[in-house]
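Participant: Numbered according to our numbering, the sequence shown spans residues 164 to 302.
Hints listed in this document are in silico derivations from the structure and should not be mistaken for laboratory results.
If you're wondering where the values come from, they're calculated on a predicted model, not measured in any experiment.
C-beta atoms are modelled at their ideal positions from N, C-alpha and C, and glycine is treated no differently.
Some hints could be false.
Beta-carbon label-pair distances, calculated as ranges [to be verified]:
1. Asn239 to Ala184: 29 to 35 Å
2. Gly259 to Arg165: 25 to 31 Å
3. Met227 to Met167: 27 to 33 Å
4. Pro237 to Leu178: 25 to 31 Å
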Amino acid sequence: SRQMSKLGGIIGMGLAYAGGAREDLIELLTDNIINTQINVEISAFSALSLGLIFVGTCNDDVAMSILQTLMESPENQLNLTVARYFGVALGLLFLGKGEASEASVEILNSMENPRSFSIYLFREIFYSNSFIMFICWNW
Numbered sequence: 164s165r166q167m168s169k170l171g172g173i174i175g176m177g178l179a180y181a182g183g184a185r186e187d188l189i190e191l192l193t194d195n196i197i198n199t200q201i202n203v204e205i206s207a208f209s210a211l212s213l214g215l216i217f218v219g220t221c222n223d224d225v226a227m228s229i230l231q232t233l234m235e236s237p238e239n240q241l242n243l244t245v246a247r248y249f250g251v252a253l254g255l256l257f258l259g260k261g262e263a264s265e266a267s268v269e270i271l272n273s274m275e276n277p278r279s280f281s282i283y284l285f286r287e288i289f290y291s292n293s294f295i296m297f298i299c300w301n302w
């Protein structure tokens, strides 16, 4: 189906350009993240791909688009398992940066109805020294 092809392309971009910090991909993928009319799977995997592409860079544009989506999306969408990738994406952006992510933590904590699992994933990843250690320890 068309959605599966789109998901494959999004995930492929994230893997192909992981760690590359390609600025030209921000606009392409953030449109999928901030548009709440798009399927939450497309949005979450777009966030994850940007997290992979900008891993450890603390990119404000990407972080703000993910935080905006977490604040504006309906609760029923954010309760889906796939929505956890928003927290993973934020964690990847701030991987190993610790204190640099405090502004994002404050925004997440100030949300009216915080998505606790996304906050948990975010904190666990950005305080860890290695994403591989995180995966082995938590899953």
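Participant: Do Met227 and Met167 keep their Cβ atoms within the hinted range of 27 to 33 Å?
Facilitator: This hint holds: roughly 29 Å between Cβ atoms.
Participant: Does the Cβ-Cβ separation between Pro237 and Leu178 fall within 25 to 31 Å?
Facilitator: Since the Cβ atoms of Pro237 and Leu178 sit about 29 Å apart, the hinted range of 25 to 31 Å holds.
Participant: When you take the CB atoms of Asn239 and Ala184, is the distance between them in 29 to 35 Å?
Facilitator: holds, 34 Å
Participant: Could you check the hint for me, namely that Gly259 and Arg165 are 25 to 31 Å apart, CB to CB?
Facilitator: violated, 37 Å
Going through the hint list in order, the structure does not satisfy hint 2, though it satisfies all others.
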